[in-house]
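S.K.: Line by line, the protein sequences give chains A and B.
So for the first sequence, the working numbering puts the first residue at 1; every next one is plus one.
So for the second sequence, the working numbering puts the first residue at 1; every next one is plus one.
It is worth saying that the hints were derived from the structure and are not from the lab.
From a predicted model like this one, the values you see are computed outputs, not experimental measurements.
Ideal placement from N, C-alpha and C gives every residue a C-beta, glycine not left out.
Just so you know, not all the hints are guaranteed correct.
Not everything, but these chain B residues come out facing chain A in the computed CB check (under 8 Å) [said to hold, decoys possible]: (1) GLU42; (2) GLU54; (3) MET108; (4) TYR127.
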Amino acid sequence: MTDRSRELVVSALARIEGESALRIVVSDGQVTDVQLRIYEPPRFFEAFLRGRQHTEVADITSRICGICPVAYQASAWQAIEAVCGIEPTEPISALRRLLYCGEWISSHALHIYMLHAPDFLGYPDVVAMARDHRAIVERGLRLKKAGNAVLETIGGRAIHPVNTRVGGFYRAPLPAELTSIAEKLRQALDDALATTAWVAGFDFPDYELDCDLLAVTKPDEYAIESGTVTSARGLTFPAQNFSAHVVEHQVPHSTALHATFDGRLFLTGPLARYTISSASLSPVARQAARAAGHGDTCRNPHRSIVVRAVEIVYAITEALRIIDSYERPDPAFIPVPPAAGEGHGVSEAPRGLLYHRYRLDQDGHIESAAIVPPTSQNQAAIEADLRRTAAARLQLPDAELTAACERTIRNYDPCISCSAHFLKLLIDRR
Amino acid sequence: MSAVVIGVGNPFRRDDGIGPALAARISEVNLPGVTVITSDGEPSRLLDAWSGAELAVVVDAIRQDGGVAGQLHRYAVTDSPTVGWAPTGSASTHGLGIDEAIHLAQVMDLMPVRLVVFAVEAADIGYGEHLSQPVSASLPELIEIVLAELRSGT
Numbered sequence: 001m002t003d004r005s006r007e008l009v010v011s012a013l014a015r016i017e018g019e020s021a022l023r024i025v026v027s028d029g030q031v032t033d034v035q036l037r038i039y040e041p042p043r044f045f046e047a048f049l050r051g052r053q054h055t056e057v058a059d060i061t062s063r064i065c066g067i068c069p070v071a072y073q074a075s076a077w078q079a080i081e082a083v084c085g086i087e088p089t090e091p092i093s094a095l096r097r098l099l100y101c102g103e104w105i106s107s108h109a110l111h112i113y114m115l116h117a118p119d120f121l122g123y124p125d126v127v128a129m130a131r132d133h134r135a136i137v138e139r140g141l142r143l144k145k146a147g148n149a150v151l152e153t154i155g156g157r158a159i160h161p162v163n164t165r166v167g168g169f170y171r172a173p174l175p176a177e178l179t180s181i182a183e184k185l186r187q188a189l190d191d192a193l194a195t196t197a198w199v200a201g202f203d204f205p206d207y208e209l210d211c212d213l214l215a216v217t218k219p220d221e222y223a224i225e226s227g228t229v230t231s232a233r234g235l236t237f238p239a240q241n242f243s244a245h246v247v248e249h250q251v252p253h254s255t256a257l258h259a260t261f262d263g264r265l266f267l268t269g270p271l272a273r274y275t276i277s278s279a280s281l282s283p284v285a286r287q288a289a290r291a292a293g294h295g296d297t298c299r300n301p302h303r304s305i306v307v308r309a310v311e312i313v314y315a316i317t318e319a320l321r322i323i324d325s326y327e328r329p330d331p332a333f334i335p336v337p338p339a340a341g342e343g344h345g346v347s348e349a350p351r352g353l354l355y356h357r358y359r360l361d362q363d364g365h366i367e368s369a370a371i372v373p374p375t376s377q378n379q380a381a382i383e384a385d386l387r388r389t390a391a392a393r394l395q396l397p398d399a400e401l402t403a404a405c406e407r408t409i410r411n412y413d414p415c416i417s418c419s420a421h422f423l424k425l426l427i428d429r430r
Numbered sequence: 001m002s003a004v005v006i007g008v009g010n011p012f013r014r015d016d017g018i019g020p021a022l023a024a025r026i027s028e029v030n031l032p033g034v035t036v037i038t039s040d041g042e043p044s045r046l047l048d049a050w051s052g053a054e055l056a057v058v059v060d061a062i063r064q065d066g067g068v069a070g071q072l073h074r075y076a077v078t079d080s081p082t083v084g085w086a087p088t089g090s091a092s093t094h095g096l097g098i099d100e101a102i103h104l105a106q107v108m109d110l111m112p113v114r115l116v117v118f119a120v121e122a123a124d125i126g127y128g129e130h131l132s133q134p135v136s137a138s139l140p141e142l143i144e145i146v147l148a149e150l151r152s153g154t
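Produce the complete structure using the sequences and hints provided.
M.R.: Here you go:
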């Protein structure tokens with residue numbers, strides 16, 4: 001019997017509804033159920049894509065997320081180009097990577113400064129933090145702006161880039177256009193290094209995840225826009241084998257689908273990328289990580305904020321490297337004639353591995369689409385962490401328990417911008 | 001006079017697309033000195049868009065208990081932190097919006113000289129394109145009111 005139940009409906013002026021909710025059931029002093037419904041898988045988009053032309057896909061999928069549209073484009077290009085037997089040229093690949101770096105900078109700066117840092121400094125939100133630390137928040141906004149400048153210059157605008165297409169770009173920027181963003185990026189590098197030093201000074205509870213980790217990798221490169229999939233336990237497989245390893249399934253007591261990797265709990269995202277590929281970071285980023293007290297691996301979800309900061313440093317050094325050796329793609333795109341078949345794409349969205357699969361008919365119409373975003377892959381790992389968090393804090397009043405759970409969720413930077421802005425929190429004490 | 005019109009929302013979530021729909025119509029009018037953008041409501045971009053402007057007009061969808069679909073609300077936001085809605089806090093990681101953007105702008109001196117928010121009560125914010133009938137019917141009036149706001153400011 002429920003002797004106390006509480007429901008907090010968050011958000012007053014909201015743009016988008018959603019069924020997002022965290023429900024924790026406590027029975028006889030034990031956490032008996034944790035259900036996090038923070039993410040609506042893009043099923044609508046999968047259905048919406050059917051019958052569309054293969055050249056339209058990336059423009060549609062970029063609409064799934066306002067924070068990581070490039071990720072949704074990159075995995076889509078890759079899958080479609082794989083079906084049609086097209087390999088992008090080196091200059092096109094480099095420009096795509098540069099665009100993606102802009103998204104990493106922008107998304108990570110947003111998460112670190114606007115959402116995550118207040119948790120560590122004891123502020124309810126960024127507004128309160130800005131009252132005491134205005135210069136710091138200004139630094140975060142500058143970083144975000146530097147990322148946006150990359151997105152605007154190459155993608156045509158900061159959200160839902162319009163200059164990209166299957167096969168490449170509609171128009172490749174002139175070298176002079178990139179020189180002007182390089183100037184901003186050089187200042188941003190100082191801001192990023194200061195960010196890493198700043199977050200490294202936060203207090204981090206001791207806790208390490210023992211689940212497997214999964215990330216896209218490339219030889220000698222910290223993978224972003226493409227690669228093969230690698231687990232922390234050493235298994236490597238190409239994108240086309242993704243569905244054989246990562247399976248979404250229904251679990252008892254939860255309405256959400258849970259993904260497992262070869263039947264086991266796993267996590268994607270900054271911790272996975274860093275733990276698997278830290279050796280491939282640029283020297284400046286590696287040095288920043290070392291100065292922050294990080295070794296070659298990081299499995300503490302609280303420290304994900306440091307890894308994000310290091311990844312901003314990396315994305316900036318990488319962007320500067322690409323600009324420095326920029327060769328303007330000419331032509332800006334390769335024609336991609338339709339072909340029948342199935343194609344797969346993987347890339348590293350700021351919050352983790354993003355998989356796309358498309359089946360095309362001979363005229364290039366989409367017969368089926370499957371999108372497995374990082375947040376749905378991470379759902380089970382986040383719930384497991386929430387269960388642990390709640391179980392250790394059952395003596396706390398609801399408000400404090402809720403706050404602890406929110407902090408746990410934010411460690412994983414789950415993506416919900418495409419779905420919901422209401423979050424209901426329900427704690428059932430029975 | 002510099003003014004910016006910001007249509008906030010997601011056109012793939014039915015009535016949440018009222019902001020972008022309004023922005024598209026205002027953009028066609030081509031008013032001198034008026035910049036028109038669409039936004040997903042992410043605060044740092046809102047701050048960028050409106051700081052330094054003499055007038056910012058923000059249009060978004062709203063839902064509230066007992067609301068009448070299509071009904072229009074106007075909030076003039078002053079520089080003092082006394083807005084009609086409070087910062088909410090949220091466990092969602094992208095769950096920041098216009099209210100947080102306004103409060104942050106106030107704290108960081110990044111407010112436009114004048115900020116007017118028009119909120120339209122939504123009927124349907126499920127998946128899909130196109131506005132619902134009541135919200136669609138409110139669009140002509142909303143356009144007139146926003147244009148009047150812009151003209152009064154110029």
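S.K.: Next, verify each hint and record whether it holds.
M.R.: We went through each hint and held it up to the structure:
1. GLU42: The hint holds - B/GLU42 has a Cβ within 8 Å of chain A, the shortest such distance being about 6 Å.
2. GLU54: violated (21 Å)
3. MET108: Result: holds, 6 Å to nearest chain A Cβ.
4. TYR127: holds (4 Å)
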